[in-house]
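Participant: Assemble the complex: chain A is given as a structure, and chain B must be docked to it using the hints.
So the protein sequences, as listed, match chains A and B.
Mind the numbering: the first sequence is residues 1 to 323 in the UniProt record's numbering, read in order.
Mind the numbering: the second sequence is residues 1 to 323 in the UniProt record's numbering, read in order.
Any given hint might turn out to be false.
Note: identical chains are not told apart, hence a pair may lie in one copy or across any two.
With a straight-line cut-off of 30 Å between C-alpha atoms, the simulated BS3-like cross-links for lysine-lysine are [unchecked claim]:
id	residue 1	residue 2
1	99	135
2	135	263
3	99	263
To be clear, the hints were calculated from the coordinates, so they are not data collected in a lab.
If you want the building blocks of each chain, they are given just below.
There are 2 protein chains.
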Amino acid sequence: MTSPLMASPENVRRVACVGAGVIGGGWAAHFLARGYDVTAWDPAPDAGQRLRRLVDAAWPTLTSLGLAEGASADRLTVTGALEEAVAEAEFVQESAPEKLDLKRDLLARLDAATPQGVVIASSTSGYPMTDMQTKAADPSRLVVGHPFNPPYLIPLVEVAGGESTDQAAVAWASRFYEVAGKSVITMDNEVPGFIANRLQEALWREALHMVANGDATVRDIDLSITEGPGLRWAVMGPMLTFALAGGEGGMAHMLDHFGPSLKSPWTRLEAPELDAALYDAVVAGCDEAADGRSIAELVAERDRGVVEVLRATGRLGRGEGSR
Amino acid sequence: MTSPLMASPENVRRVACVGAGVIGGGWAAHFLARGYDVTAWDPAPDAGQRLRRLVDAAWPTLTSLGLAEGASADRLTVTGALEEAVAEAEFVQESAPEKLDLKRDLLARLDAATPQGVVIASSTSGYPMTDMQTKAADPSRLVVGHPFNPPYLIPLVEVAGGESTDQAAVAWASRFYEVAGKSVITMDNEVPGFIANRLQEALWREALHMVANGDATVRDIDLSITEGPGLRWAVMGPMLTFALAGGEGGMAHMLDHFGPSLKSPWTRLEAPELDAALYDAVVAGCDEAADGRSIAELVAERDRGVVEVLRATGRLGRGEGSR
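Isolated chain A, as found in the complex:
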């Protein structure tokens, strides 16, 4: 870092949200609910109105989730001047449109206007920070902090630095997001699309292919997830979920059984070669993720979770049964 980080993550009081569309506005709502002062900027003439509408719409939900002490939607300031928005910020979240040139210029401008030692995070959906930080005078404090829509409800934030980012800024951002109630994955590698977006982008592209080919309707695609794998994925990730398909033999048995299916045309995405190294990495990774829990314990955990999700989403009591 060209200058030491200013506030400790625990002491941040004021956050700037740069760009106030769906994501930037969602961030503003989240930070307000967690008790921060929020200053927002967006170039659109009606940005202030739209942002307040978004925060007002989210507020009952955020209230039901439990607001931080002192949290108030009134602690939002909207300004038409970018420099003013970040002048007193202790953290900056940039959520501008997904255009690389725009991000490069905006991050440089933000870097010039933001107090030294303040971390600036980009909500980019997939650009590596290395590609975005090229024009900034101090790229060391620029990190990716990639949220999921809506940022006020979905906990995940993926944090990664670029080649010119100081690792202290990455660590600071990860800790700050945790303090602010998010669930953080700190990435070592700058993988385009990060992790979750690579996964959901694969699913999205397959869905687009299916619509383009008349394989399935939009409605059936959505139903196939909400009534199927989506119920599991709220509770247990795709890797451990598939491990449980192997029964008491876990992931190793699942790969033995379904490995050949990787050659099947069950998606337009070609599978990697399931060689010994990948086989071992997946099995060992599942063992590590299971963290001592037996398959039976994982099954019980998944089942409890899915039952609660079924109950919470009003899906119980369907069907007529045999009588």
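Facilitator: Same frame as chain A, now just chain B:
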């Protein structure tokens, strides 16, 4: 059909589960909980023990969900003779290992032993029925009834016939599954992998690539879904979820904004060309799926659902906030 369908879907009392591994055993547990008599067959010497263990493990969960009147785990009969298992069945669910030759031979043998007019469904993960029904004397009653693990908890069943299947058998199976408490998608096309498996297979293959390339650990892959998109997918499918990323402009605005991202290397799955026809089909499909609900109403619905899922899965109250 070579003979009329025997029982009406509402009057079925006895179901045969052929193959008693994780999926076949899960089906047995489901049908028992819905009040059916279940006869199960599996060639493994310890199949009976394993099946009863699986049913016993699932029973408290099924009890908490609410059993059908008269439902009892004691109404399970395990037999070592395939012909005996199906002799009095009014519906047959085949859940043998995912090997095409095995499925072909087994379905032919089942067809020979099952009373005429009884529908036989295969749990295959992705083989088209046209490829599996080649050896059966009466292929007209053979359908795909593809469940998700565990079949006693995840509602979705994808139903499809093959070229030699009578559409009456497809309709009968779809109605039967509904009566038995499942959520059914009846497919017009024999797409390999059906719908949900094509989507989750794309995600799974991308995950395997990421492990193979050292992009992410198994644990991070799972966390990225359970703390991220997975929370939305239990509530709203991927298409409508993405429509909401377009803000008040919905899917059209989302495609305008993120369309160019389809060229980004955010997954190893190449995207289809987002031409006018696909653009229109996706936008129109989302409008149809929204079924008159405005974007604001969909956002409120998603938010209510995600809040309930967060609450149900114990994810509330994290973070320290600004105070």
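Participant: Okay, which hints does this one fail, numbers in order?
Facilitator: As far as the earlier hints go, not one is violated by this structure.
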